[in-house]
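Undergrad: Below are the chains, spelled out letter by letter.
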Amino acid sequence: MQELLQQIVSGIATGGIFASLALALVLIYNAMGLVNFAQGEMAMLATFVALALIDHGMNYWIAFPVTLVIAFAGGIAIERVVIRPVERAPILTLVIITLGLATLINGLAGFIFGYVPRAFPSPFSVQTVNILGALASYQDLGVIAVSGVVLLAIYMLLQHTTVGLTMRAAAHHPEASRLLGVHVSWMLALGWGLASAVGSVSGIMVAPILLLQPNMMQTIIIYAFAAAVLGGIESPLGAVVGGVIVGVTVNLAGVYLPFVGGDLQLAVALAIIVGVLVLKPNGLFGRPSVRRV
Amino acid sequence: MLQRIRNSPPRYWLVVVVILFFIGLPTVIGSFQASEWAQVLILAIAIMGLNILVGYSGQISLGHGAFMAIGAYASAILVHKYKMDYLVTIPIAGLLTGMIGFLFGVPALRLSALYLALATFALAVVTPSLIKRPAELTGGVQGIILPPIDPPPLASDAFTAVTGTAMTSDQWIYYVTLAFALVLFWLAWNLVRHRAGRAMRAIRDGEVAAAASGVNIAGYKTLAFGISALYAGIAGSLFGLAVGFVSPDTFPVALSIQLLVGTVVGGLASIPGPLIGAIFAYFLPIESNQWVPTQTWIPSQIASTVEKAGPAVTYGVVLILIMIFAPNGVVGLITAGYARLRRRLRGAADRDSGQMPPDPQTG
Amino acid sequence: MALLELEEVRAGYGPTSVLHGVSLSVPEGQIVSLLGANGAGKTTTLRSITGGVHWTGDIRFAGRSLRRMHTEDVVRCGIAHVPEGRGILTELTVDENLKLGSHLRRDGAAVRKDYDRVFEYFPVLRERRGLSASTLSGGEQQMLALARAFLMKPRLMLLDEPSLGLAPLIVRAIFEIIRTINTEDRVAVLLVEQNARLALEMSSDAYVLEVGRVAVSGTSSELKGNDAVRRSYLGY
Chain L
1483 MQELLQQIVS GIATGGIFAS LALALVLIYN AMGLVNFAQG EMAMLATFVA
1533 LALIDHGMNY WIAFPVTLVI AFAGGIAIER VVIRPVERAP ILTLVIITLG
1583 LATLINGLAG FIFGYVPRAF PSPFSVQTVN ILGALASYQD LGVIAVSGVV
1633 LLAIYMLLQH TTVGLTMRAA AHHPEASRLL GVHVSWMLAL GWGLASAVGS
1683 VSGIMVAPIL LLQPNMMQTI IIYAFAAAVL GGIESPLGAV VGGVIVGVTV
1733 NLAGVYLPFV GGDLQLAVAL AIIVGVLVLK PNGLFGRPSV RRV
Chain Y
311 MLQRIRNSPP RYWLVVVVIL FFIGLPTVIG SFQASEWAQV LILAIAIMGL
361 NILVGYSGQI SLGHGAFMAI GAYASAILVH KYKMDYLVTI PIAGLLTGMI
411 GFLFGVPALR LSALYLALAT FALAVVTPSL IKRPAELTGG VQGIILPPID
461 PPPLASDAFT AVTGTAMTSD QWIYYVTLAF ALVLFWLAWN LVRHRAGRAM
511 RAIRDGEVAA AASGVNIAGY KTLAFGISAL YAGIAGSLFG LAVGFVSPDT
561 FPVALSIQLL VGTVVGGLAS IPGPLIGAIF AYFLPIESNQ WVPTQTWIPS
611 QIASTVEKAG PAVTYGVVLI LIMIFAPNGV VGLITAGYAR LRRRLRGAAD
661 RDSGQMPPDP QTG
Chain A
536 MALLELEEVR AGYGPTSVLH GVSLSVPEGQ IVSLLGANGA GKTTTLRSIT
586 GGVHWTGDIR FAGRSLRRMH TEDVVRCGIA HVPEGRGILT ELTVDENLKL
636 GSHLRRDGAA VRKDYDRVFE YFPVLRERRG LSASTLSGGE QQMLALARAF
686 LMKPRLMLLD EPSLGLAPLI VRAIFEIIRT INTEDRVAVL LVEQNARLAL
736 EMSSDAYVLE VGRVAVSGTS SELKGNDAVR RSYLGY
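Residue numbers (this note's numbering), protein chains in the order written: chain L, 1483 to 1775; chain Y, 311 to 673; chain A, 536 to 771.
These are calculated hints, taken from the structure and not from any lab test.
C-beta: ideal position from N, C-alpha, C; glycine also.
Be a bit skeptical, because a hint or two may be false.
To be verified - The calculated label-pair distances, taken between Cβ atoms and stated as ranges, are:
#1 L:Y1637 / Y:G647: 45 to 55 Å
#2 Y:E517 / L:P1599: 41 to 51 Å
#3 L:H1538 / A:G598: 53 to 63 Å
#4 A:G574 / Y:L324: 21 to 31 Å
#5 L:L1766 / Y:K393: 50 to 60 Å
#6 L:G1743 / A:Y548: 58 to 68 Å
Unchecked claim - Example chain L residues on the side facing chain Y (calculated, C-beta under 8 Å, incomplete):
#7 F1519
#8 G1539
#9 L1574
#10 T1575
#11 V1577
#12 F1593
#13 L1617
#14 T1701
#15 D1745
#16 L1752
#17 V1760
#18 N1764
As the list claims (entries may be wrong) - Computed list of chain A residues with no C-beta within reach of chain L, every gap over 10 Å:
#19 D593
#20 R602
#21 L624
#22 R683
#23 A763
Full structure from sequences and hints, please.
TA: Now the structure itself:
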């Protein structure tokens, strides 16, 4: 029982990491109806930036927000340069472009930083603390706290600021929003910037566990897909809930299902993706979509 | 007769020339190069399969490498466990993969293009770890090593008669691959010209309209998935044959991306496109890797990194640029250029004969 | 000088052209009606002004040409456009819709006063503030659209068939408020209407479009008094 609780806590921590990346996917999906296949690679690159800052002697808690700002700017730059020219292109074109972007960023990171896995510092100790009979590590609790703060901040931004309001308006009704003076195209860029920043949190949180190298996010993005799909790909709340469910499920399956073990955890994510898409395509919190003619 | 040949469109001549080129190629290049070109043809087959799916039926798969893996492992297991002749296993592997693809196409019907992309991409990422699991069947991480195959005497003798050298295993594999490629390209050409092809394109261009004109949407979409997987399966089987072994790492996500690059570069919904795309997707990373180390001004440390990172960077850049500037790929560029050239030539001829050229607006 | 001037405006969608040279002007603080049958180009005229369709010719607002301007920048010049179908953001709440109207304004105190006036005009919107805009009835949505346009503090409102699909009583109420906004705040209005009689009562000038051209124009009372015009173009 105690072990189960422990596994659940560490599952929630992993889930927080998935949730950040899933939320990034949802932000871009809401802005332009697109799943950004490059989201994980963008987060990986940002994590390399964070490591470079820390290696240059910057304090972790200063490097962290600085990285988010850089990731934000980078996301905007990518949208302006790569996505803007094809804003109205068919969805397949956009998907292929983000896939190209993923490949490109992965290659660039390998080119600049090499493929040798690097240790990434964690501000949290691996010591454990006893909570209600379960031993939880400070590392896990720290990850949960950081993810929670970031997700809350995004929620506040979207729901309780004018910028968030105009972003949501532009996402739902671009034409009507233009008539209200909203710069819709800039809102898309802002969405990319925000997604990039949120996504990079997952990279920074996961790097101490997985070690930092260009392919670090390749599996994390699959878990994030699973989380976003499970939650309903247009729902920010769904991304968070989906992330936690996927994190806990994958963790428990790895420990308690002998045939899954460590190396088929990814297959659990695939099963979640396919199962949800086939059985309940709108996920837990998504609205039924109207089929366009 | 002569008249008919003279009047046949230039592209038929081009097809004949290309086929003769590929038949004659191994007689003028070395055995190693023949094995490289065999890889190109294998890629071309897989890309043709993907092209039928993406270009003609409007569905997408970012996980076609997984279907190649199924075909390759099917052949390898039949050869390794059941001691079958490799050549016999190729069509079996193709049909098996085709059936799996067909079954995969059924749930795929329920998914929008975006979700399908997502699910197939996840499949591509997960495939290597799925392969490792039934280790007694697939050989686990090590994979399966395949016995080399020797060219049959008849082919060997014919080859020796032309070139004066003995035929190597690689050269024989090249010809096997070429035979499959010719048949599969011919089949694809027939498919897209006839009823099924028209139906698929109608679905791609608008499902509601296609349904209104009586096209069986579900049937043709799953059929497209099945055919597409069949191509990938045969390509995968040939791939195992050409490489001499199969292992989980033979089929990484990068392979699926390579196929997508080839499809996009060649041009969607085009028959010659996959061949051009395959040549590009195969030789681009190799050429860039050979070029960089020859440049003495590049520090060796960077050069070795480029070798690893180069293909990804170039693939990524190419994908993005093609989708932004030439969404119809190389074939699209060529046909657009050809049409423009012809219009200009015809315009010039019409001016010479004193006739008004047709108004491009109304024409 | 007129606040809004259209000069030989041609516009269309892709290869089909809808407007074949429309010229009209809206004086400062006046209500001008734009009438005509379905498909005459009334909506396209409004969409040209706010850059929703590609057009040639010239459109000037307060002396400044709107050529090549994006919709959002035209709107920021002081034109509020309530489009066909009202442009309500149904995923958002009533309050959020209103906030989108005032989000560009920096005159906080005046904004608060304008909110008070909006709720005075349309008390129902105060009751429904927190609800999703999708729960409003057609008349309430039209009120919301008008209220939101008012909160933009425009110099000119473009109203596309505010009476469409509404009960006569509600139409009366809405037109009364349009007139109030016009007289109290000197907001000019270009009013597209099917209901010609109602529109001519409100407006000082009127234009009648026929297949993309201005067929008749004049003061509203002239048009009202001309039986031939009334019968052949306005259908009452």
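Undergrad: Now tell me if each hint is right for this structure.
TA: Okay, the hints, checked on the actual structure:
no.	hint	verdict
1	L:Y1637 / Y:G647: 45 to 55 Å	52 Å, holds
2	Y:E517 / L:P1599: 41 to 51 Å	46 Å, holds
3	L:H1538 / A:G598: 53 to 63 Å	56 Å, holds
4	A:G574 / Y:L324: 21 to 31 Å	50 Å, violated
5	L:L1766 / Y:K393: 50 to 60 Å	51 Å, holds
6	L:G1743 / A:Y548: 58 to 68 Å	59 Å, holds
7	F1519	7 Å, holds
8	G1539	25 Å, violated
9	L1574	6 Å, holds
10	T1575	5 Å, holds
11	V1577	5 Å, holds
12	F1593	4 Å, holds
13	L1617	30 Å, violated
14	T1701	7 Å, holds
15	D1745	5 Å, holds
16	L1752	5 Å, holds
17	V1760	5 Å, holds
18	N1764	11 Å, violated
19	D593	21 Å, holds
20	R602	17 Å, holds
21	L624	5 Å, violated
22	R683	7 Å, violated
23	A763	37 Å, holds
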